[in-house]
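> Here is how the chains run, residue by residue.
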Amino acid sequence: MIRVLVRVVIAVAMLVLASLIFTLAPNDEQTQAPVEIPISIGETGTGRNIEVTVHNIRLAEVVEADGYTPWTGTTPGVWIVVDATMSNVVNSTLPSGFLTFDGLTYFASTRPDSESLVGARLTPGIPTTGTVLFEVPLDVIQTSEPVKITFAASSDLRLDSAIVLSERLDELEIEPAILLEGPETGG
Amino acid sequence: MGLVARLLDTVSTRHWILLAGAVLLAITGLFGGLATVEKEPVVLPVLPIGEEHVGAQFGVAVHSVELMDVAPAYTFEADEGNEYLVVSITLTNNFVVSTTDIDEAISLEGLKLPKIDRTVLLSDSTPLPQAHPGLPIDVALVWQVPRGSVADKETVQVSIMEASLQTEPDLLFGDYWYDPVPVAHVDLTAHRVPAVGDSE
Chain A
0 MIRVLVRVVI AVAMLVLASL IFTLAPNDEQ TQAPVEIPIS IGETGTGRNI EVTVHNIRLA
60 EVVEADGYTP WTGTTPGVWI VVDATMSNVV NSTLPSGFLT FDGLTYFAST RPDSESLVGA
120 RLTPGIPTTG TVLFEVPLDV IQTSEPVKIT FAASSDLRLD SAIVLSERLD ELEIEPAILL
180 EGPETGG
Chain B
0 MGLVARLLDT VSTRHWILLA GAVLLAITGL FGGLATVEKE PVVLPVLPIG EEHVGAQFGV
60 AVHSVELMDV APAYTFEADE GNEYLVVSIT LTNNFVVSTT DIDEAISLEG LKLPKIDRTV
120 LLSDSTPLPQ AHPGLPIDVA LVWQVPRGSV ADKETVQVSI MEASLQTEPD LLFGDYWYDP
180 VPVAHVDLTA HRVPAVGDSE
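First to last, the sequence lines map onto chains A and B.
Using numbering that gives the first Met the number 0, you'd call the opening residue of the first sequence number 0 and step up by one each time.
Using numbering that gives the first Met the number 0, you'd call the opening residue of the second sequence number 0 and step up by one each time.
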């Protein structure tokens with residue numbers, strides 16, 4: 000009888016220990032998280048394969064491009080226009096960008112197509128200057144909480160560098176329209 | 000304690016398993032046993048045209064079903080013998096991250112359609128548009144169908160779908176939606192949009 004009870008106690012103890020280890024062990028999100036490099040406006044952040052300088056952030060009701068294919072972007076929300084310079088460090092990639100706020104994630108807009116920096120292939124060592132657009136509801140910019148804007152060399156951020164800018168947007172004026180200047184390499 | 004000890008010592012594992020099975024059967028008996036039960040047919044609500052169904056993944060309002068020779072954001076006609084079937088909806092992403100999986104929002108189950116050709120943002124013809132959290136967009140979902148498979152003025156039932164959310168701490172794929180099922184219908188009349196230069 001005692002032996003049976005001892006076995007039961009040992010089994011229960013092992014189950015409790017296994018649950019504890021399972022709970023405390025870092026998950027994929029923790030073991031594969033990107034290495035974040037914080038920057039502020041005007042400052043350059045250099046990661047493993049991307050270098051980013053954010054020059055300015057503007058807000059607009061409408062965004063236009065008059066490049067090879069003219070485009071007018073209307074939105075029920077507001078455009079966040081990020082003027083930046085990017086380059087790769089190691090090898091050429093298509094960069095990615097996303098904005099997070101209050102648990103929500105907004106990917107950089109693909110609507111401007113090649114007029115956006117995230118639609119442009121970067122080159123190692125040769126900076127490309129242009130804009131990255133985010134389309135968000137008005138309440139994202141009407142709060143005193145900063146939004147977090149992240150840029151990476153590609154859309155796979157696992158164990159790679161991420162250049163991160165945190166910025167309040169509620170004091171910026173919303174411009175009626177902004178004309179995009181397409182990505183300029185070497186600028 | 001003495002009784003429990005005697006039971007543990009005298010009752011074999013085989014009998015414990017049989018006892019557990021008997022208890023399980025007795026419990027299932029309370030709910031009708033293990034016999035196959037006919038599933039009650041689910042009657043889904045039929046929404047008026049343009050009324051939004053609000054789900055956890057998407058809010059969807061269905062506006063129109065049209066037959067076209069050249070669909071929005073296309074500059075060329077469909078393949079020989081085909082035409083485009085275009086469903087226009089207003090979609091709001093109610094989830095927490097931008098997505099391009101807009102084609103999961105509706106289904107035309109009765110038509111046995113091939114794979115969807117493309118989704119298009121109506122305001123500027125952007126293909127494969129992103130739906131950002133909290134921002135409603137007007138989009139067209141475009142199928143290429145054999146000409147005549149849907150007639151002008153035919154009633155088409157559009158099903159609004161809801162998927163289940165799989166949450167897993169995966170940095171690359173994150174949470175995702177799977178197994179969409181219909182939750183509401185909208186009945187619409189298909190209209191043929193005359194081709195440019197068509198005298199009719």
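Any given hint could be a false lead.
[Stated by the list, open to error] Computed footprint of chain B on chain A, listed as stretches where at least three residues anywhere in the stretch have a Cβ under 8 angstroms from a Cβ of chain B:
1. 70–77
2. 132–141
[Claimed, not checked] A partial selection of chain A residues facing chain B, derived with a Cβ cut-off under 7 angstroms:
3. Leu16
4. Tyr67
5. Leu103
6. Arg110
7. Ser113
[Said to hold, decoys possible] Derived Cβ-Cβ restraints for the label pairs, each shown as a range:
8. A:Ala24 / B:Tyr175: 53 to 61 angstroms
9. A:Gln29 / B:Tyr175: 13 to 21 angstroms
10. A:Ile20 / B:Ser148: 52 to 60 angstroms
11. A:Arg157 / B:Glu39: 39 to 47 angstroms
12. B:Leu7 / A:Val15: 35 to 43 angstroms
13. B:Pro44 / A:Thr73: 28 to 36 angstroms
14. B:Gly147 / A:Ile40: 58 to 66 angstroms
15. A:Glu42 / B:Ile48: 50 to 58 angstroms
16. B:Ile26 / A:Gln29: 17 to 25 angstroms
17. B:Val53 / A:Glu42: 39 to 47 angstroms
18. B:Val53 / A:Thr73: 22 to 30 angstroms
19. A:Val61 / B:Glu39: 47 to 55 angstroms
20. B:Ala55 / A:Ser154: 23 to 31 angstroms
For the record, the hints were derived by calculation from the structure and aren't laboratory data.
Every residue gets a Cβ at the ideal spot worked out from N, C-alpha and C, and that includes glycine.
> Run every hint past the structure and note whether it holds.
Hint check results:
| no. | hint | verdict |
| --- | --- | --- |
| 1 | 70–77 | holds (count 7) |
| 2 | 132–141 | holds (count 4) |
| 3 | Leu16 | 22 angstroms, violated |
| 4 | Tyr67 | 15 angstroms, violated |
| 5 | Leu103 | 5 angstroms, holds |
| 6 | Arg110 | 5 angstroms, holds |
| 7 | Ser113 | 13 angstroms, violated |
| 8 | A:Ala24 / B:Tyr175: 53 to 61 angstroms | 23 angstroms, violated |
| 9 | A:Gln29 / B:Tyr175: 13 to 21 angstroms | 20 angstroms, holds |
| 10 | A:Ile20 / B:Ser148: 52 to 60 angstroms | 58 angstroms, holds |
| 11 | A:Arg157 / B:Glu39: 39 to 47 angstroms | 46 angstroms, holds |
| 12 | B:Leu7 / A:Val15: 35 to 43 angstroms | 22 angstroms, violated |
| 13 | B:Pro44 / A:Thr73: 28 to 36 angstroms | 33 angstroms, holds |
| 14 | B:Gly147 / A:Ile40: 58 to 66 angstroms | 59 angstroms, holds |
| 15 | A:Glu42 / B:Ile48: 50 to 58 angstroms | 53 angstroms, holds |
| 16 | B:Ile26 / A:Gln29: 17 to 25 angstroms | 41 angstroms, violated |
| 17 | B:Val53 / A:Glu42: 39 to 47 angstroms | 42 angstroms, holds |
| 18 | B:Val53 / A:Thr73: 22 to 30 angstroms | 24 angstroms, holds |
| 19 | A:Val61 / B:Glu39: 47 to 55 angstroms | 51 angstroms, holds |
| 20 | B:Ala55 / A:Ser154: 23 to 31 angstroms | 25 angstroms, holds |
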